[in-house]
Structure formats: C-alpha cells, structure tokens
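Visitor: Residue 358 in full-length UniProt numbering sits at position 358 of the sequence shown, and the numbers go up by one each step.
Just so you know, not all the hints are guaranteed correct.
Taking CB as the label site, the calculated pair distances span [what the hints assert, rightly or not]:
no., residue 1, residue 2, range
1, Arg502, Pro219, 46 to 54 Å
2, Pro84, Gln52, 34 to 42 Å
3, Glu107, Asp289, 26 to 34 Å
4, Leu312, Ser50, 54 to 62 Å
5, Thr347, Asp205, 45 to 53 Å
6, Thr398, Pro219, 47 to 55 Å
7, Gly380, Glu78, 33 to 41 Å
8, Lys453, Pro219, 29 to 37 Å
9, Ser426, Asn213, 47 to 55 Å
10, Arg232, Pro260, 19 to 27 Å
11, Pro478, Ile261, 42 to 50 Å
12, Gln52, Glu133, 23 to 31 Å
13, Gly443, Arg232, 31 to 39 Å
14, Asp410, Thr282, 33 to 41 Å
20 Å max Cα-Cα, derived PhoX-like pairs, lysine-lysine [claimed, not checked]:
no., residue 1, residue 2
15, Lys194, Lys279
16, Lys413, Lys366
17, Lys99, Lys286
18, Lys366, Lys286
19, Lys76, Lys99
20, Lys354, Lys366
For the record, the hints were derived by calculation from the structure and aren't laboratory data.
Please read these numbers as outputs of a predicted model, since none were measured by experiment.
No residue lacks a Cβ here, since even glycine has one placed at the ideal position from N, Cα and C.
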Amino acid sequence: MRTTTSCRGAIGAAQRALNLPSRHTWPSQQLACRSFAMSARREIAVKEMSEQDLASMRVNQDRLMHDVHSTSEWGKGERWGDGPTDFGMSRLSLSDNDKQARDWFAETTQALGCKVHYDAMGNQFAVRLGLNEGPPTYAGSHLDTQPTGGRYDGILGVCAAIEMLKTMNDNWVETTYPVGVVNWTNEEGARFPKSMVSSGVWAGDIPLEDAHNLRSVIPSNDTATMKSELERIGYLGSTPASYKSTPMAAHFELHIEQGPILEAEERRVGVVKGVQSYKWFTVTVKGRDSHTGATSFQHRADSLLTASKMILASHKIAHRHKALASTGILTLKPGSTNTVPGFVQFTLDIRAPKDETVDAVEAECKAAFAAITGGENIEGVNAHCAVSSRHCDVSWRTDFISPATYFHDDCIKCVQDAGTALCGESEVSGLDIGKWGKFMTSGAGHDSVYTSKRCPTSMIFIPCRDGVSHNPAEYSSPQACADGANVLTGAVLRYDQLRGKRGS
Numbered sequence: 001m002r003t004t005t006s007c008r009g010a011i012g013a014a015q016r017a018l019n020l021p022s023r024h025t026w027p028s029q030q031l032a033c034r035s036f037a038m039s040a041r042r043e044i045a046v047k048e049m050s051e052q053d054l055a056s057m058r059v060n061q062d063r064l065m066h067d068v069h070s071t072s073e074w075g076k077g078e079r080w081g082d083g084p085t086d087f088g089m090s091r092l093s094l095s096d097n098d099k100q101a102r103d104w105f106a107e108t109t110q111a112l113g114c115k116v117h118y119d120a121m122g123n124q125f126a127v128r129l130g131l132n133e134g135p136p137t138y139a140g141s142h143l144d145t146q147p148t149g150g151r152y153d154g155i156l157g158v159c160a161a162i163e164m165l166k167t168m169n170d171n172w173v174e175t176t177y178p179v180g181v182v183n184w185t186n187e188e189g190a191r192f193p194k195s196m197v198s199s200g201v202w203a204g205d206i207p208l209e210d211a212h213n214l215r216s217v218i219p220s221n222d223t224a225t226m227k228s229e230l231e232r233i234g235y236l237g238s239t240p241a242s243y244k245s246t247p248m249a250a251h252f253e254l255h256i257e258q259g260p261i262l263e264a265e266e267r268r269v270g271v272v273k274g275v276q277s278y279k280w281f282t283v284t285v286k287g288r289d290s291h292t293g294a295t296s297f298q299h300r301a302d303s304l305l306t307a308s309k310m311i312l313a314s315h316k317i318a319h320r321h322k323a324l325a326s327t328g329i330l331t332l333k334p335g336s337t338n339t340v341p342g343f344v345q346f347t348l349d350i351r352a353p354k355d356e357t358v359d360a361v362e363a364e365c366k367a368a369f370a371a372i373t374g375g376e377n378i379e380g381v382n383a384h385c386a387v388s389s390r391h392c393d394v395s396w397r398t399d400f401i402s403p404a405t406y407f408h409d410d411c412i413k414c415v416q417d418a419g420t421a422l423c424g425e426s427e428v429s430g431l432d433i434g435k436w437g438k439f440m441t442s443g444a445g446h447d448s449v450y451t452s453k454r455c456p457t458s459m460i461f462i463p464c465r466d467g468v469s470h471n472p473a474e475y476s477s478p479q480a481c482a483d484g485a486n487v488l489t490g491a492v493l494r495y496d497q498l499r500g501k502r503g504s
C-alpha cells in the first residue's frame, strides 16, 4: 500500500509527539494509513503473541506514577504527611477541578491516537483502533473523589488504563479488536448522591432524567443539578448514555482494595470474582422538641437518643449475620443546645456477600426499630436507660439497592493468567493463588457492577496501606500500582487474544 504525504506527516508527527524510537520509521510500502495519529502498522499483532510475549509486556512505573500525582494537582486536598505527594484529594464530580482532569484525559488519549467522545452523562470514552472493527475491550474507572479522599481510589484505574495504551504504543502492539479507556462520571456519589449513577444510566438501570435531576449536596445549599453542571463545564454530550450507543466487548477495572486483606496476607494482587450486595436506606425518627431543663427524662420524646439506640441495634444485628451496617449521615432538628431534638434522619448502609443476608438484616432491623419505639429492650439498647422511646415514630425510605454481582469467568481467567505471568505461581488452594494472589469479593460498589450487566467484566485489586480509603492518607506503593497496571494490561491483551480466536 502506498501512503499519502499527509498520512506520512501524521505518522511522523505522532512519533515525535510520543518520543517513539527512530527505528520505527518504515518505508512507505510497510505503512497502513489510518484515521488516527498512530497510522503505522504495529510490529506485534496480539493474535500472534506467545505467552512469553504477553508475560514480557511491562508498563513504565515512573510514567504511571507521574500521571497519578500530576493529575492529582487538580483538586489537591489535605496534607497527611511530609512527602511532596502526601496530599489527599477533593475533586468533586463536575467541579472545575474535575473539568481539568477530564480535559487532560481527552488530550492525552487523543495524542495516543485514540478517538474520544463523551455521552449525555459526561462519561468519557477513548478508543484505540484494532485490526478488525467491533466493540472495544475497555479498561478504566473514575476521576472524581470524595471531599476528603485520596489519590488512588478511581484515579489509579484511569491512569493505569492510559498507561496500558502508552505501553501498547511503546511496543507497537496491534490488537485484533479496538481497545478503549473509560472515565465514568460521579462514581463516588459524593456531590450528586447516587453512586455509580452514570454507569447505571449507561447500563439502562437508572433513567437519564432521574440522573440529570440529581441535585448537588456539596455545599448543602447548592442548587446545581447534574445536567446543569455538565452543561456548565462543557461535558453534556449528544451521544446517548447507553450500552447500545457505546457498546463494550468487556470491561476491566483496576482498583485499590479499600480493605486490609491483601496487605495483611502479603499478597500482590486480588482477582475479583464479584461485588457484595448492599442496600441504602434513610431512616426518619420523629419525636417532640422540648426544653432540656424543664422536661424530665420520663416525659421526653428524644429523637436523637432513639436513633442512637437504632444504630447500635443495627450493628449488633449485622454482626450476628456476619454482615456490615453503617451510618454515615445524621441530621437533626432544631439543632439547639438547650432543646431536645424532635426530628432525626440517618442513613443506614447494609452490606453482605449474599442478597439473602442483606434482606435478613434489613428485616430484623425494621422489626427492632419498631420495637424500640414501642419501649422494648431489643438488643439490650434500653437497658439502664431512663428515657423510653415510646413517644417516637420511625419510618424508612429505600434509597438504593445493589444486588450481589458475579463477574464473568473469561475475564476472571484473563486476570488470573496475567497475575500468574507477572508473579510466577499458578497453584490454586481455596481462595489463594500461589503466594501472590487471592480470589476476592469486593466490599465496595464500583462501576463494574453496572458494566457486568451488559458485558463480561472483572476487576483487579492491589493492596493499600492499612486498608485505608476515602481518606487523605489513602496510599498504595509505586510497585503495587505498577503490579496492578501490568495485570490490567495483560488481562486486556489476553481477552483480545481470546476474542480473536472466537472471531468476535
């Protein structure tokens, strides 16, 4: 094939921009002009790569960490240590800082030769073409953070996916089918109170209008909606937010564990087989405002004390079922030092590996809360308490339900094989993979929950120090980050190879 002068120019510009080795300057008959910057034919086709070839593919650790830390300047949060990067993050979804990170994502992936678009929820998709057309195999996560979060939750997953593309370009790898990187909007649900809302819209589980109408809760007096903020920062796309408009062949997500198991067991990688079930509720307790000095204990209808008993009971019930129950938001009225509060609302988050366990904890909590307002000593919460809760009423609202998720066997196997290639042991004993890995169920929700409804999906975990996350001191070592990125790259290439064998 002969190549036009303009195509040769694009190739040369791309090579210079990416600082590619000069040995990759080929005569024109070896070039295949494409519609993106990296127009030259790759030296290595994934379908022809041996296991040794796949195992030898390595990311650039320093480059990966540079991306993690340089992009974390947009929304830099609290300092937690003495090092130059010992800062947390406060990059709320669709904020000005989020826009800067999004712009970086688009500019960086375009420079790598990707076609980039964003949909009606602001989800960003960057696609590197393959030898054949078809839905891309995606890797990615999210760039938004908690208001007092760290710089590894989500951010690492996106930066590692982009590093995967850079590594493919470094090695002139030609995939059989397209490979993509995705940045999901508002995964955290911190500013707009619905976690994974945009991947939920993409999957068809959450109506677009409901998502667009979500109001910002940070700051508490904010009146902005998701739609208005998408418009303001220029990321309200015209492409429908749907798996039909932006199909995925598969979805792989690298994430810090957000728990202590891998570090405690000195394991390098978690091969994630699914995500545990959880439900979110808002519980309202209504009592009666009264004077703290003039109202005796026996005559009080203390909403806050009653709510405290309920929260304690929820912990005891969850513990009995080997589940988890947590309260993260509590509001009360009127909020005066010398007034017994007559109104309290609190959130209740119930989690367990199985749906039926979550359902059982929910049922027992509802029965216990009703009994507490009836004055009964349920779970021992009324023992030695002078204030009865008989004068209070309780009601529940279900805010969110995420059933247990089970990932796809093919994707799990690709992650496992990539981990084995990196770490060298393949023997499986129970949940343990050699000394390096472990099959795991995620305790936290992720965008992969929704992608798994529409395409094969799996996740990769790496250890984080003390299991700390959603905290400025969240930390994973550069080696752990590189381990995760190497497994991510290996898993995506193996899945592309599998697709090539199947012809789809």
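Visitor: A separate judgement is required for each hint: does it hold in the structure or not?
Guide: Okay, the hints, checked on the actual structure:
1. The given range of 46 to 54 Å is respected by Arg502 and Pro219, whose C-beta atoms sit roughly 51 Å from each other.
2. For the hinted restraint 34 to 42 Å between Pro84 and Gln52, the CB-CB distance of approximately 38 Å keeps it satisfied.
3. Checking the proposed 26 to 34 Å range against Glu107 and Asp289 shows it is violated: the Cβ atoms sit about 55 Å from each other.
4. Distance hint check: the CB atoms of Leu312 and Ser50 are about 59 Å apart, consistent with the given range 54 to 62 Å.
5. Checked against the hint of 45 to 53 Å, the pair Thr347 and Asp205 fails, with Cβ atoms roughly 21 Å apart.
6. Restraint check, Thr398 to Pro219: a C-beta distance of roughly 26 Å breaks the suggested window 47 to 55 Å.
7. The hint said 33 to 41 Å for the Cβ distance between Gly380 and Glu78, and at roughly 38 Å that hint holds.
8. Distance hint for Lys453 and Pro219: a CB-CB separation of about 34 Å, consistent with the stated range 29 to 37 Å.
9. For the pair Ser426 and Asn213, the beta carbons lie near 50 Å from each other, so the given range of 47 to 55 Å is met.
10. Checked against the hint of 19 to 27 Å, the C-beta distance between Arg232 and Pro260 comes to roughly 40 Å, which is inconsistent with it.
11. At roughly 21 Å, the beta carbons of Pro478 and Ile261 sit outside the given window of 42 to 50 Å.
12. Gln52 and Glu133 have their C-beta atoms about 29 Å apart, which keeps the hinted 23 to 31 Å range intact.
13. Evaluation of the 31 to 39 Å hint for Gly443 and Arg232 yields a pass: the beta carbon distance comes to about 34 Å.
14. Against the hinted window of 33 to 41 Å, the Cβ-Cβ separation of Asp410 and Thr282 comes to about 39 Å, which satisfies the hint.
15. For the proposed pair Lys194 and Lys279, the alpha carbon gap of about 12 Å is at most 20 Å, so the pair holds.
16. The suggested pairing of Lys413 with Lys366 is violated, with an alpha-carbon distance near 41 Å, which exceeds 20 Å.
17. A hinted pair counts as satisfied when its Cα atoms are at most 20 Å apart, and Lys99 with Lys286 does not qualify at roughly 41 Å.
18. With a CA separation close to 16 Å, the supplied pair Lys366 and Lys286 stays within the 20 Å bound.
19. Simply put, Lys76 and Lys99 have alpha-carbon atoms about 14 Å apart, close enough for the 20 Å limit, and the pair holds.
20. At roughly 19 Å between alpha-carbon atoms, Lys354 and Lys366 fall within 20 Å of each other, so this suggested pair holds.
When each numbered hint is compared with the structure, violations occur for hints 3, 5, 6, 10, 11, 16, 17.
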